[in-house]
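Using the hints, position chains A and X against chain D.
Listed below are the residues making up each chain.
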Amino acid sequence: MEEIRRIREELSKKLGEDLEVLLPARRYETAGEISRRCLRRREERLTLTDMLDHVFLHRALGIPIFLALMYAVFQFAYSVSEPFMVMLEAAFGWLGSLAGEAETPLASLWADGICGGLGFVLVFIFPIFFLFFALAILEDSGYLPRAAFVMDRLMYRLGLHGRSFIPLLLGFGCNLPAIMATRVIDDERDRLITILVNPLMSCSARLPVYVLLAGAFFGAYAGAAIFSMYVLGIALAILMALLFRKTIPQLRGKPAPFILELPPYLRPTLRSVLLKTWQRGVVFLKKAATILFAGALALWALSSFPWGAPLEATYAGMLGHALEPLLRPLGFDWMAAVALFFGFLAKEIVVETFGILYGVAGEEEIQAAVAAHMTPVTAFAFMAFTLIYLPCLATFGIIRAETGSWKWTLFAVAYELALAYAVAATIVAFGSIVWG
Amino acid sequence: MIRVALIGNPNVGKTVIFNHLTGARQYVGNWPGVTVEKKVGRCTHRGVEMEVVDLPGVYSLTARSPDELIARDYIVEEKPDVVVDIVDASNLERNLYLTLLLLELEANVVVALNMMDVAASEGYEVDAGMLSKLLGVPVVPCVATRGEGIEALKDAIVDAATRKERRRVAFGFGDEIEDAIKRVEAVLSRSGSEELSRYPLRWLAIKLLEGDERVEALVSKFV
Amino acid sequence: MQERREESKLELELKGFAVGSAVLGAAYAALGVLEVVSVAGGFSFEPVPADAAGGLCLLVVAATFLLGAKELLEGRTLGISFVVVGVALAAVFGLLYVLIAVAHALMFVLGEAEELSLLAELRPEIWLALAAAAMAPYLRRALKELRAI
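Residue numbers (numbering that gives the first Met the number 0), protein chains in the order written: chain D, 0 to 435; chain A, 0 to 222; chain X, 0 to 148.
Derived by calculation from the structure, the hints in this document are not laboratory data. Since this is a predicted model, take the numbers as computed values, not measurements. Please note that a few of the clues may not be correct.
Under the rule of at most 30 Å between Cα atoms (straight-line distance), these lysine-lysine pairs were calculated in the BS3-like manner [what the hints assert, rightly or not]:
{"id": "1", "chain 1": "X", "residue 1": "K69", "chain 2": "X", "residue 2": "K14"}
{"id": "2", "chain 1": "A", "residue 1": "K220", "chain 2": "A", "residue 2": "K38"}
{"id": "3", "chain 1": "X", "residue 1": "K8", "chain 2": "X", "residue 2": "K143"}
{"id": "4", "chain 1": "A", "residue 1": "K220", "chain 2": "D", "residue 2": "K13"}
{"id": "5", "chain 1": "A", "residue 1": "K181", "chain 2": "D", "residue 2": "K13"}
{"id": "6", "chain 1": "A", "residue 1": "K220", "chain 2": "A", "residue 2": "K78"}
{"id": "7", "chain 1": "A", "residue 1": "K181", "chain 2": "A", "residue 2": "K78"}
{"id": "8", "chain 1": "A", "residue 1": "K220", "chain 2": "D", "residue 2": "K12"}
{"id": "9", "chain 1": "D", "residue 1": "K12", "chain 2": "A", "residue 2": "K38"}
Which chain D residues face chain X? A few, computed with CB under 7 Å, are given here [what the hints assert, rightly or not]:
{"id": "10", "residue": "L45"}
{"id": "11", "residue": "T48"}
{"id": "12", "residue": "G61"}
{"id": "13", "residue": "P63"}
{"id": "14", "residue": "Q74"}
{"id": "15", "residue": "F75"}
{"id": "16", "residue": "V79"}
{"id": "17", "residue": "E81"}
{"id": "18", "residue": "V85"}
{"id": "19", "residue": "L94"}
{"id": "20", "residue": "G95"}
Backbone N, C-alpha and C fix where the C-beta goes; we use that ideal spot for every residue, glycine too.
If we strip away everything but chain D, and leave its shape as in the complex, we get:
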C-alpha cells in the first residue's frame, strides 16, 4: 500500500495536478473525442441558447451580469412596491382608528396589537410578492441554472461545491425548502456545509426589516442598502463555508466535481410565473395567520400589562432592559433587544415588535419613531444583525431534521450568534470612525 501511495504522489507531483481531478478530466476528453467523431451536424446553425450562453456564461462577464440582474430584482421589489405598501398601511391605520382612542385593553388590542402589529407586517406582502415574481421570471426563463454555473467556477476555486449554489439561491425565498433542497448534493460533507451556511442567505422574512430600516435611514439609497444585505449574506456564506472546510476536521476535504444540466432558455409564461409567485408568497400569508398573529397577541399583552404602566415598566420593558446590556455595545436599545428576542420565532416579528411597541407608546409614524431611536450606522448594524443572528424556529427545526444531529444544529446557532455580533460590532466601529 505504501508503494502504491508513493506511485500516486510521484505521478501527481510530476503532472502538477490532483489525480482525482485529472483522471476524470482525461476520461471526459476521450468521451468528447469519441462523440465528435460520431456526431454530424446536419446544418451549421446558431441556436438562441448557444448565443445567450456565450454571454451569460462568459468568464469575465458572467458574474457581473448576475449581480446586475440581482440588483435590478431588489430595486424592483423595494421601489416599485412602495406605493402599494403605503396604501395598505393607510387602510390598517383607518381600521385601527375605528375602535376609537386606545384607552381600554380591548380597544388597544385592536388598534395596537392587531392593526398596528399584525397589520404592519402584512404591509410587507408587496415587496415579498414582487421579489418572488421577479425571481420566478429568472427561474422560468432558464437563467438561474446559468447563475449557478458561473458561481460554481468561483466557488469550486474557493473549495466549495457548485451544486450548493442552487439551494443557497433558494434561500432568498425561504431557508426551509432551501435546506431540504440540499438533498441534491451527493457528498455528505458538501451537504452539511451547505446546510450550515444556508441561513446566511437572506430569506424573504428578513426583507420587511430591511425595508423598514432602509426606508427610514437611507432615502434614495434604500434599494442599494437592501441589496448590500443580500450581497453580505452571500459573501458571509462563502467565507464561512470556506472556514468550516478548512478548520473543522469532519468537513475537511475537496468538493466533489459535479455536472449541472443547463436546460434551453424559454420565454416565461405569465401563468406559470404568477403561479410560482403565489405558491411561494402564500406561505407568508399562512405565517401571518398563525405564528405572526400569535406573536402579535403575545407581544401586545407583554407590552400592555401591567395595564396602565408606562411602556418601560411593562413585561416587555422588563425583558428588554434585562437584555439591553448585552446589546448596548452595538448601540441597540431595549426595544431592539425585545424585537430581536422574539425574532427567533419568525424574523418578521422583529418588524411586528417595532409596530406594537411604538404603537403602544403612542408614536404615530413608525419610520420616524425608529429614526429617533437609531442612527444610520446602528440601523445598518441592526439590519446585518437581523440577517445573521439566528435561524428562525422553523429553520432550526429543519436543520435538526436534515443533519440528524443536535450537535450541528447547536453549532449553527452558536456560530451565527457570534458572527452576527462580530459583524454588527465591526459596522458600528467602522461607522464611528468614518462618521465620528
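Relative to the frame of chain D, chains A and X by itself:
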C-alpha cells in the same frame, strides 16, 4: 437464464426501456441497507429467459454517493452477464463518460443509443456504427418512447450474453498515467491475493490512483 | 457566386452592429462613470443621479456592448450574442426605472412624497434603453438571417 443490468444517466428514458423489456413481469424491492428502490423484471426472448435489474440513474461511479455505489457494487460483485448502458444520443459526450467507466469495469456492455429522435430534431445525426467501432461494443439505436429498436436491443442482449470472445478496447490516459497504472498493477499482482483477483486489475489500479476510498480500504487488507 | 455575395452582405451587417454596439457601449460607460463619480464627488446634475450601484450596473451593460463590438470586429459571428444580451439588459434597466418613476408618481399622488421632478425621473437608464431599442428590429432581422430564431 441471463442476468441483465440496466444503467444510464438520469432522464435518458431508462424506465421506459425497462418497461418495454419486462412488460408486466416486474417486482419492486429495496437495495439491501438503503432506501433506494430496486426494480427487477423478467422476460423471455428467442426462448432465452432474462432477469433485468434496473440500477439507479447515475452520472458516474464514484464511492461518494449511495446511488453510484449501489450501481457499482452490483456490477462488480454480482457480475451481471450483460450491462445495458442507455445513452442519450442528444447528449452524447456527457453520457459516454459513464460508458467509459463501465468499460473500465470490464462489464459486458451493450449500448442502447436512445432518444435518436431528439438528437435529430436538434439537427444532429449520430453514427451508431462508428460509435460501436470506437467503443468496441454493440450499439443499438432506439426511440424508446415509440418502442423503436427494442426488439433489436433484446437480440443484442442475447447475442452478447452467449458470445464467448469479447473485444477489448482500453482507453488510455496518456503515457505518464499509463506507466503508473502498470506499476500499480504489478504491485497488486505480486500480492497474489485470491480475493483481489475477483476484480479487474486495471480498474483497481485506476481507482487506487484516483484515491477511491472504498477500493483503498479493500486493497489495504491484502497489500 | 450568389452565395458569396450574400455572405459579404451579412458580414457588412455584422460590422454595422459592431459600430452600433460600440457607440452604445461608450454611451453606457460614460453615464455609468458619471453616476459613480458623482457619488465620490458629492455632486449631481439632473437627470443623471449620483448612484454608485446604479452606475456599476450601467458599466456592466457597457462592458457587454463593448465586448460584442470587439468580437464582431474580429469577425466572430457569435459576438452578436453580446449585442442581443446588451439590448435585453438595457430593456430590463429601462423598464425598471420606468416602473420606479410610476411608483414615485403614485407616492406623490398619495401625498407621501413632497415633490415630483419629471427631470429626475427620466434617468439615463430610460433614454439609453430607448437608444438600444432602436437597434432591436435590425437585430431581429439579422438573427432570422442567421437562423437563430
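Verification of the supplied hints:
1. The straight-line distance between the Cα atoms of X:K69 and X:K14 is roughly 10 Å, inside the 30 Å bound, and the hint therefore holds.
2. Among the hinted pairs, A:K220 with A:K38 is inconsistent with the structure: their alpha-carbon atoms are about 33 Å apart, more than 30 Å.
3. Taking the CA atoms of X:K8 and X:K143, the gap is near 14 Å; set against the 30 Å cutoff, the hint holds.
4. Restraint check for A:K220 and D:K13: the C-alpha separation of about 28 Å stays at or below 30 Å, so the hint holds.
5. Straight-line distance between C-alpha atoms of A:K181 and D:K13 comes to about 16 Å, which keeps the hinted pair within the 30 Å bound.
6. With a CA separation close to 22 Å, the supplied pair A:K220 and A:K78 stays within the 30 Å bound.
7. With a C-alpha separation of about 24 Å, the suggested pair A:K181 and A:K78 falls inside the 30 Å cut-off, and the hint holds.
8. This hinted pair checks out: A:K220 and D:K12 have alpha carbons roughly 27 Å apart, not beyond 30 Å.
9. Pair hint D:K12 plus A:K38 does not hold up; C-alpha atoms about 45 Å apart against a cutoff of 30 Å.
10. Checking D:L45 against chain X by beta carbon gives a least distance of about 4 Å; that is within 7 Å, so the hint holds.
11. Annotation: D:T48 was flagged as interfacial toward chain X, and the flag is violated, the nearest CB pair being 9 Å apart, outside 7 Å.
12. A cut of 7 Å between beta carbons decides the hint on D:G61: the least distance to chain X is about 11 Å, and the hint is violated.
13. Hint status for D:P63: holds, given a least beta-carbon distance of 5 Å to chain X, under 7 Å.
14. Given the 7 Å rule on beta carbons, the hint for D:Q74 holds: about 6 Å separates it from the nearest Cβ of chain X.
15. Below 7 Å, beta-carbon pairs count as interface contacts, and D:F75 has one with chain X at about 6 Å; its hint therefore holds.
16. Checking D:V79 against chain X: minimum C-beta separation of about 5 Å stays under 7 Å; hint holds.
17. Annotation: interface hint on D:E81 holds; nearest CB of chain X at approximately 6 Å, less than 7 Å.
18. A least Cβ separation of about 5 Å between D:V85 and chain X falls short of the 7 Å threshold, and the interface hint therefore holds.
19. Annotation: D:L94 was flagged as interfacial toward chain X, and the flag is violated, the nearest CB pair being 18 Å apart, outside 7 Å.
20. With its C-beta approaching chain X no nearer than about 18 Å, D:G95 sits outside the 7 Å limit, and its interface hint is violated.
Violated hints for the displayed structure, listed by number in ascending order: 2, 9, 11, 12, 19, 20.
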